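Enquirer: Between the sequences and the hints, there should be enough to build the whole structure, so can you do that?
The sequence shown maps to residues 1 to 403 in UniProt numbering.
In case anyone wonders, no lab produced these hints; they're calculated from the structure.
Please read all numbers here as calculations on a predicted model, not as lab measurements.
All the given hints hold, so there is nothing to weed out.
Below, in silico cross-link-like pairs of lysine-lysine (BS3-like), each with a Cα-Cα straight-line distance of 27 Å or less:
(1) K270 to K352
(2) K76 to K103
(3) K53 to K24
(4) K76 to K24
(5) K352 to K53
(6) K59 to K352
(7) K344 to K363
(8) K66 to K53
(9) K103 to K72
(10) K105 to K66
(11) K76 to K98
(12) K269 to K198
(13) K72 to K59
(14) K105 to K54
(15) K327 to K352
(16) K66 to K103
(17) K53 to K103
(18) K187 to K198
(19) K59 to K363
(20) K363 to K352
(21) K54 to K352
(22) K327 to K358
(23) K53 to K105
(24) K269 to K344
(25) K54 to K66
(26) K103 to K59
(27) K344 to K270
(28) K72 to K358
Restraint ranges, calculated between C-beta atoms of paired labels, are given here:
(29) T114 to N48: 31 to 37 Å
(30) S91 to S111: 17 to 23 Å
(31) T114 to S323: 31 to 37 Å
(32) L25 to K54: 24 to 30 Å
(33) S124 to L65: 17 to 23 Å
Using N, Cα and C, we set each Cβ at its ideal position, and we do this for glycine too.
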Amino acid sequence: GSTRRSLKPTFVSLVAGYSVESVKLLVYARSSDDISSALVEIERFIQNHITSKKVEHEKLFDVVLKHWDELKSLAKDGNLRITCVNETTVSIEGLLSKVLEAKDKLTEMVSRHTDEERRLHQLSYISQNVQWYYSDHSCRSREVVYSAQLNGTIEVACMNGEAMVEITESDGQQYNVDFAQMVARNKSTGQTRKLSRKLIGSATGLELPSNWTHQPVNQVVELVRLTPSSPEYSEVRSHFVAGGGRANQLYSVERIQNPQLYSMYLAFKKSMAMRGQVNEMRLFHGTDAANIHSINTNNFSRSFAGANGTSYGNGVYFARDASYSIKFTKPQHFGTRRKMYMAKVLVGEYTKGVSGMKAPPTKSDPNNPGLRYDSVVNDIRNPRMYIIFQDNQYYPEYLLTLQ
1 GSTRRSLKPT
11 FVSLVAGYSV
21 ESVKLLVYAR
31 SSDDISSALV
41 EIERFIQNHI
51 TSKKVEHEKL
61 FDVVLKHWDE
71 LKSLAKDGNL
81 RITCVNETTV
91 SIEGLLSKVL
101 EAKDKLTEMV
111 SRHTDEERRL
121 HQLSYISQNV
131 QWYYSDHSCR
141 SREVVYSAQL
151 NGTIEVACMN
161 GEAMVEITES
171 DGQQYNVDFA
181 QMVARNKSTG
191 QTRKLSRKLI
201 GSATGLELPS
211 NWTHQPVNQV
221 VELVRLTPSS
231 PEYSEVRSHF
241 VAGGGRANQL
251 YSVERIQNPQ
261 LYSMYLAFKK
271 SMAMRGQVNE
281 MRLFHGTDAA
291 NIHSINTNNF
301 SRSFAGANGT
311 SYGNGVYFAR
321 DASYSIKFTK
331 PQHFGTRRKM
341 YMAKVLVGEY
351 TKGVSGMKAP
361 PTKSDPNNPG
371 LRYDSVVNDI
381 RNPRMYIIFQ
391 DNQYYPEYLL
401 TLQ
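Expert: Structure, rendered in structure tokens:
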């Protein structure tokens with residue numbers, strides 16, 4: 001039979017920069033007191049100017065392999081020692097200013113790598129689930145598909161709520177895609193093409209919640225305001241009050257309908273169900289009102305980790321109690337209302353989190369070495385906070401506007 005080879009590179013320890021050598025320093029002086037003073041000053045200089053810093057990330061070894069030549073140059077130019085300790089940790093040793101500079105550059109490399117992975121994941125989803133078309137001039141009933149690259153460019157702009165995006169066809173012709181009018185306008189001739197957006201592949205059988213209302217296919221996200229007399233509103237209000245909120249604090253409740261985010265959440269839920277318990281919960285998340293549009297369109301982001309503390313890890317924080325999340329709400333402008341979320345969260349199997357954690361720790365399971373917990377909490381016996389590290393492990397179900 002054929003042998004399957006892992007595409008994941010095997011870890012090897014990598015070292016760039018100066019080698020570790022002992023240096024014998026001879027100090028001559030008129031007296032032993034002068035020698036002692038000199039040694040104290042030398043020790044103080046070393047403590048103040050020579051340091052070691054660590055950079056940690058779950059995909060750090062991939063980043064190191066991709067940028068190894070650049071890191072070697074960085075080590076040589078800064079007289080540093082850069083060591084890839086393991087798959088998730090890099091140590092940087094040397095002069096303090098140079099170490100901090102190298103750490104910033106490596107952190108930037110990690111950020112670019114993460115953004116690129118997210119972009120590729122997004123484009124992969126798009127190519128499998130969404131296709132944009134334009135009508136043929138010679139035959140209006142005939143629809144022509146956009147290339148994978150242009151399809152991705154258009155869909156990402158649409159997902160981000162942009163009013164317009166510019167694209168360049170393979171023949172060099174430039175078009176402005178107008179999402180409000182659903183047309184592509186030739187920048188040179190002014191001629192327009194009618195556009196359409198269709199779900200394809202697995203997305204055509206998407207299991208949307210039965211309480212969702214119909215929305216146009218070109219509308220990425222829709223907010224549906226619930227009437228206070230509806231059972232759905234009452235259910236949200238009851239959960240809010242049970243979590244320590246007051247009923248009179250609620251100004252409005254809006255259901256967030258984002259088919260793409262919901263489909264990715266469902267896919268994650270199914271994958272969790274295959275390997276263990278799902279443990280789906282409704283939890284609260286308080287945020288700055290300035291983040292609302294981004295969250296509704298793109299989901300909660302781990303890049304905001306630290307805005308309200310990282311005591312139990314650098315993930316997205318959700319609270320059992322609405323009264324706790326309210327503390328972190330902030331109006332966008334003076335005189336405007338504060339907002340918070342009630343979200344669906346797949347907490348799965350959890351353990352206690354610690355500060356600086358980039359991912360849940362691995363379980364002590366000899367049958368599944370390397371398998372991690374699904375989330376972490378502040379207290380195993382009585383969890384009030386749940387910290388999530390995976391992008392599709394939560395869905396912003398309701399937007400709550402407060403009095």
